[in-house]
Amino acid sequence: MEKKTTFSNRWLPYVLVAPQITITLIFFIWPAGQALYQSFFVEDPFGLSTQFVWFDNFKDVLGDPLYFDSIVITAVFSLATTFLALGVSLLLAVMANRVVRGAGVYKVMLLWPYAVAPAIAGVLWMFMFSPANGIVAEALTAMGYDWNYLLNGNQAMALVVIAAAWKQVSYNFLFFLAGLQMIPKALIEASAIDGAGPARRFWTIVFPLLSPTAFFLMVVNIVYAFFDTFGIIHIITLGGPAGATNTLVYKVYNDGFIGLDLGGSAAQSVILMLIVAALTVVQFRFLERKVQY
Amino acid sequence: MVENRPFLTFLSHAILIIGVAVIAFPIYVALVTSSHHAADVLNTVQPWFGDQMIANFTSVLQSGRRSVGAVPVERMMINSTIMALGIMAGKIVISILSAFAVVYFRFPFRMVFFWVIFMTLMLPVEVRILPTYKVVSDLGLLDSFGGLTLPLIASATATFLFRQFFLTVPDELTEAARMDGAGPIRFFFTILLPLSRTNIAALAVILFIYGWNQYLWPLLITTQNDMTTVVMGMQKMIHVDDAVPQWNLTMATALLAMAPPIAVVIIMQRQFVKGLVESEK
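Same order as they appear, the protein sequences are chains Y and G.
For the first sequence, counting from 1, position 241 maps to 241 in this note's numbering; every step adds exactly one.
Every position in the second sequence, counted from 1, becomes a number in this note's numbering once 293 is added.
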């Protein structure tokens, strides 16, 4: 879609785009180019000499069993977070869509976690599950469950998934509720007259009509779990225990800033950029036409 | 709903109340913890409020944890506010200007600019941290508000949002303005900007939260304590070596850190929802 009426001015449009383009070039394109460039070099730790090594950094990274572990960890983490967050929010949205009284109150009560920083979400959940003085940890221990996320990798993973999903429920809830309210009442009424009960109506009518929203949310949640959960992992587990929660994004930070492996970290950055690019294309190409809200 | 079944309505309310309770439980725990002496929450679980709440909040706000070299939370909150408002205002200004240029002018390289802006979508700060850090340090922006805000200011989504909105503004308005002799700048300020008011408000809510909640970036580029933002400051309270963890103060700080963005969401609920739904389009 294009405007028919436009202004003509030789220099003004350039002045208008200049601030954004300048910032983008300096802080986005240039560093991304640097990452690409660095990913083909090996630098000594003091930065005194560099050597061009073709794809060796990528070979090292992709051949590293720790990187493979990190891929698996990221996949488990993002899928678990996505399904937990989607499941809970769908249940709550369906219920909120049913009630006539108090729907607005429930909505506010469920919206606010969106505003909590991932790092703060990490602090809150870490404390509740802390083996020494956490209220949930104590309950688990009382039930005879041996809880210590500082030692047990699976428990650490479960904890970061819960904290990450908790934060995302409000977002999904909002979109699911909007999706549910778009479904024509007449459809539901018609099937009720045909004798379909609430559960049957949900699975045969509501759920299929909601699936574009669900798919959109799935992509958004995967992107969130990939890139926006750094704070949660950095606060709760620092990638541990023994690398059990070392996701791809955390690993870039850890190898680059803590391990000072510049070439390797740059190669990992480039791989991540390709993943974001793919997810962005899916989001734009595929979803823009399918989802309506 | 279609049929009137009291039991189902009851069940819906029950599930919603359980959901709200589970979602809110961490806040309850934080509030309770922040109301006790440090020793009372060190190895025991406190189920109910103590009497130290005001003392603890005053203590973190005014003095922070000096023993581990931290600054008063008051200072961190001011830093966070400046950073959040800077990112919010910066993103809105540069996005609305570039969207105006792309929609209302035909000029060489228009689409090139458009795609350069689009690329920022694919480059979240998390994936380009090392080289971006280097750029900021080369520019001498470490430990400055410029360094905290500028690299996060470019925003493809905000630009698209304004572009989308400008495209719905009727051509007749532009024609009328031109006939009355208004140039592009006058048109922008007297017609387009007032029309965009609700979009700007919606976006402002989302961007304020985004800016306030930044963690990794301030963690990397600030080394001086008095540049700490409150969200990244949490990290210093949790990973302390050789000191007793003071959970009561940590929880008080966490509550202070999340209060402003939550207040914004609750007060600006309508704009928040609009901003969220639209910025994802």
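Rather than coming from a laboratory, the hints here were simulated on the basis of the structure.
As the structure is a computational prediction, the values presented were derived from the model and not from experiment.
Glycine included, every Cβ here is placed at the ideal spot set by N, Cα and C.
Heads up, a few of these hints could be off.
Claimed, not checked - Distance ranges between label pairs, derived from CB positions: (1) Y:L260 / G:T461: 46 to 52 Å; (2) G:E468 / Y:L62: 27 to 33 Å; (3) G:T302 / Y:F83: 17 to 23 Å; (4) Y:A186 / G:F482: 32 to 38 Å; (5) G:D333 / Y:I183: 29 to 35 Å; (6) G:F303 / Y:F83: 36 to 42 Å; (7) G:L486 / Y:G259: 26 to 32 Å; (8) G:F303 / Y:D194: 22 to 28 Å.
Claimed, not checked - Chain Y regions said to be covered by chain G (calculated; three or more residues, Cβ under 8 Å): (9) 51 to 64; (10) 67 to 75; (11) 102 to 112; (12) 123 to 137; (13) 143 to 157; (14) 240 to 253.
Practice prompt. Could you work out which earlier hints the structure fails to respect and list their numbers in ascending sequence?
Written response: 2, 3, 4, 5, 6, 7, 9, 10, 13
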